[in-house]
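*Asks:* Protein sequences appear in the order of chains A and B.
Oh and the first sequence: position 16 is 16 in this note's numbering, straight run, nothing missing.
Oh and the second sequence: position 307 is 307 in this note's numbering, straight run, nothing missing.
Treat the hints as calculated values from the structure; they're not laboratory data.
C-beta: ideal position from N, C-alpha, C; glycine also.
Treat each hint with caution, since some may be false.
Claimed, not checked - Sample of chain B residues facing chain A (criterion: CB under 8 Å; computed from the structure):
| no. | residue |
| --- | --- |
| 1 | TYR312 |
| 2 | GLN319 |
| 3 | ARG321 |
| 4 | ARG324 |
| 5 | LEU344 |
| 6 | GLU347 |
| 7 | HIS581 |
As the list claims (entries may be wrong) - The calculated label-pair distances, taken between Cβ atoms and stated as ranges, are:
| no. | chain 1 | residue 1 | chain 2 | residue 2 | range |
| --- | --- | --- | --- | --- | --- |
| 8 | B | SER341 | A | GLU47 | 49 to 55 Å |
| 9 | A | LYS6 | B | PHE44 | 54 to 60 Å |
| 10 | A | GLU47 | B | LYS600 | 53 to 59 Å |
| 11 | B | LYS527 | A | GLU47 | 35 to 41 Å |
| 12 | B | CYS476 | A | ASP21 | 46 to 52 Å |
| 13 | A | ILE69 | B | ALA116 | 36 to 42 Å |
| 14 | B | SER341 | A | THR2 | 31 to 37 Å |
| 15 | A | MET53 | B | ASP494 | 47 to 53 Å |
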Amino acid sequence: MTNLQKYNDAFIQSFSISEADLGSELVYQSIDNWDSVGHMQLIAAIEDAFDIMLDTDDIIDFSSYTIGIDILKKYDVEL
Amino acid sequence: MMLNSSIGNLEDTPLLNSSKSAAHKDIAAKDIAHKDIAPKDIFFGAPANNIAYVDKNGAATYGELYAYADAFAAAFPPRSLVLLLAANMAQTLIAYVGLMRRNVVVLLLAADTDQAVLDSLIASYQPDFLVDGNDASIRSYVYTNDCDGFDRCPDFTTDDKSTANDKSTTNDGVATKAVAVTKAVVATKAVSAEAIKNANAICAEKSKATKIHPNLALLLTTSGSTGSRKFVRLSMTNVQDNASSIVSYLNITSKDKAITTLPFSYSYGLSIINSHLLAGATILLTEATLFDRDFWSFFKENEATTFGGVPYTYAMLKQLRFARMQLPSLRYITQAGGRLSEELQLEYAQVCAEKGIDFIVMYGQTEATARMSYLPPQLAAKKIGSIGVAIPNGRFEILRDDAVSSPALEPTTVLAPTSASEPTSATEPTTATEPTFTSEPAFASAATEANLEAGELIYYGANVSMGYAQCRDDLCEGDTNNGRLATGDIAVVDADGFYRIVGRKKRFLKVFGNRVNLDELESLLSKNGFIAAATGVDDHVSIYLEIAQSEESLKASATSAPVASTADAVRQFLSNKTGLHKDAFNVITIAALPRNDAGKIQYAKLEDNSLNYTLGKTR
Chain A
1 MTNLQKYNDA FIQSFSISEA DLGSELVYQS IDNWDSVGHM QLIAAIEDAF DIMLDTDDII
61 DFSSYTIGID ILKKYDVEL
Chain B
1 MMLNSSIGNL EDTPLLNSSK SAAHKDIAAK DIAHKDIAPK DIFFGAPANN IAYVDKNGAA
61 TYGELYAYAD AFAAAFPPRS LVLLLAANMA QTLIAYVGLM RRNVVVLLLA ADTDQAVLDS
121 LIASYQPDFL VDGNDASIRS YVYTNDCDGF DRCPDFTTDD KSTANDKSTT NDGVATKAVA
181 VTKAVVATKA VSAEAIKNAN AICAEKSKAT KIHPNLALLL TTSGSTGSRK FVRLSMTNVQ
241 DNASSIVSYL NITSKDKAIT TLPFSYSYGL SIINSHLLAG ATILLTEATL FDRDFWSFFK
301 ENEATTFGGV PYTYAMLKQL RFARMQLPSL RYITQAGGRL SEELQLEYAQ VCAEKGIDFI
361 VMYGQTEATA RMSYLPPQLA AKKIGSIGVA IPNGRFEILR DDAVSSPALE PTTVLAPTSA
421 SEPTSATEPT TATEPTFTSE PAFASAATEA NLEAGELIYY GANVSMGYAQ CRDDLCEGDT
481 NNGRLATGDI AVVDADGFYR IVGRKKRFLK VFGNRVNLDE LESLLSKNGF IAAATGVDDH
541 VSIYLEIAQS EESLKASATS APVASTADAV RQFLSNKTGL HKDAFNVITI AALPRNDAGK
601 IQYAKLEDNS LNYTLGKTR
């Protein structure tokens, strides 16, 4: 599985959405399931998928599908 | 007002501040002293120059808060019923304080309550007014009894544009806030004569049919967003007494600044508001969540000294690396709304001790206004799993219920002859005679382990609510609890006098701090064509779904789905209906629910994996 697939899977699994829902429109609180509980799921899924520990600031800043890709670069995860 | 001071002046004792003090010896419940609180009135007594609240627009003093509140509430007839849609915003606080000061009865609901739920509650309770505390101008609506619901008073609205202009013409946050609020208030006053006339007529009409009991002050829901019609009836004495106790045991001072992390309409969230109002302290109002940058910048700018959290809040904080955060202003944090896992409790006890923050585990129910017990912070790491001791002015008793297997014995009557019959006991028994908990899987093991000493936890105190309501007619009822609450929780007490919850008699779970009644979930599913059994542990509801019938109902709703998607659809359905994140629901499909000869679901068998009922499982 590529990094991008893992990344997408984390969103799809955490929010029960489909691949078509992924993209720049997907931001925190833009869909019902991406609330604070969903955010916890997402962060846990991403940390598991890439075996990393995100910093507090990065967890808070992880507020969209697109921004997340940039944040992961800091952890040497290239998508 | 209260209480034993076996240790004396609180300032001199390390008891409530011991995480900052190295030495302490073993402490028994009887050694815990509380500060006596001067009997101030919660909605009137704060010093005018203290800062009452700060929101993103600036700060307001108590003098200002009271002035805004009174100007707002002047339009409402005392003893009328107002449905207040609440959010952690200045508008809500102003409306709430104003209505309380004016002796108006408030039914508090979350501003994001589902419209269908709201409609059904309006039908049940027929409030005279609806106030939208989520709105920049605190819009009010008058209930027009003769037709179909609320009409917005046309003149109640402020000109949003001019408010926006005012904001742009001044950089002074305080002044801006005052202008914005005053505008709302002025607009409200402009129609108040008209509104009062109409409303008075309507209220007079209604009061002929239903006279609201003179002691009733506040109605709170027990279920968060799950849409139950059942509300807890609270008197001003309940609210005042619980706030006084909280100020006492947490030693809240006017220097404290509580930042909002829980819904305003949630009894625990409201208890934080009320206790800080009583202490003349500051409330930092924000709707931002822990995962918003705005929350943390607002926190740091205003140097919050405290917040409260349900178990899920603490799980989030852990994920946010709370241990590594630099929050020097934080003095104490509290936890309630369900049982925190022992690992998390130990972790927070240790981290907080290192940081010099008091970590206080508490226990409560809306039926007791909010809080019934707390674990002193210096014992947080020593008494893991304990809910501590009763709050000042309250006391516990454990009803060692030999009647668990012999319902003939009625311990309620034996021990508390003053306890009147509970009006809603037909739908949800709260008496101690319900013999069902031994057969319930989620709690059975805990109850067994707790040996013969375990029994139902009974609480006595002036904060015990007047009772329940399910509709407008119930608002005329007086106090049916008489200061005694059968909590429905099974507890043990240790040799030092500290209590621990080991099980639950009633079939409900706490999910993200909300009470979820499992029987209500089953009936909700059944109404929609799903045959299912609900069980589980806090924060994790397990739904066992009978697939044979249920697939029919899914087909009926035009979804031809394989088993896994059926389960997923049910999760989404429950999430939509309860307003809880779907992650709370685990749906397990099975061929047939295990039932006894009488057709009653055998929950214990459901949990038995060896039976291999499971066809498919999603989570």
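*Asks:* Take the hints in turn and mark each one as holding or not.
*Replies:* Hint check:
1. TYR312: Given a least distance of 7 Å, the restraint on TYR312/B holds.
2. GLN319: 6 Å, holds
3. ARG321: 5 Å, holds
4. ARG324: 7 Å, holds
5. LEU344: It is violated, given that the least Cβ distance between LEU344/B and chain A is near 14 Å, above 8 Å.
6. GLU347: 16 Å, violated
7. HIS581: 4 Å, holds
8. SER341/B to GLU47/A: 49 to 55 Å: 19 Å, violated
9. LYS6/A to PHE44/B: 54 to 60 Å: 59 Å, holds
10. GLU47/A to LYS600/B: 53 to 59 Å: Given about 44 Å between the Cβ atoms, the range is violated.
11. LYS527/B to GLU47/A: 35 to 41 Å: 40 Å, holds
12. CYS476/B to ASP21/A: 46 to 52 Å: 51 Å, holds
13. ILE69/A to ALA116/B: 36 to 42 Å: Between ILE69/A and ALA116/B, where Cβ atoms are some 39 Å apart, the hint holds.
14. SER341/B to THR2/A: 31 to 37 Å: This hint holds: roughly 36 Å between Cβ atoms.
15. MET53/A to ASP494/B: 47 to 53 Å: Taking Cβ atoms as reference, MET53/A and ASP494/B lie about 38 Å apart, which means the hint is violated.
When the structure is compared with the earlier hints, violations turn up for hints 5, 6, 8, 10, 15 and for no others.
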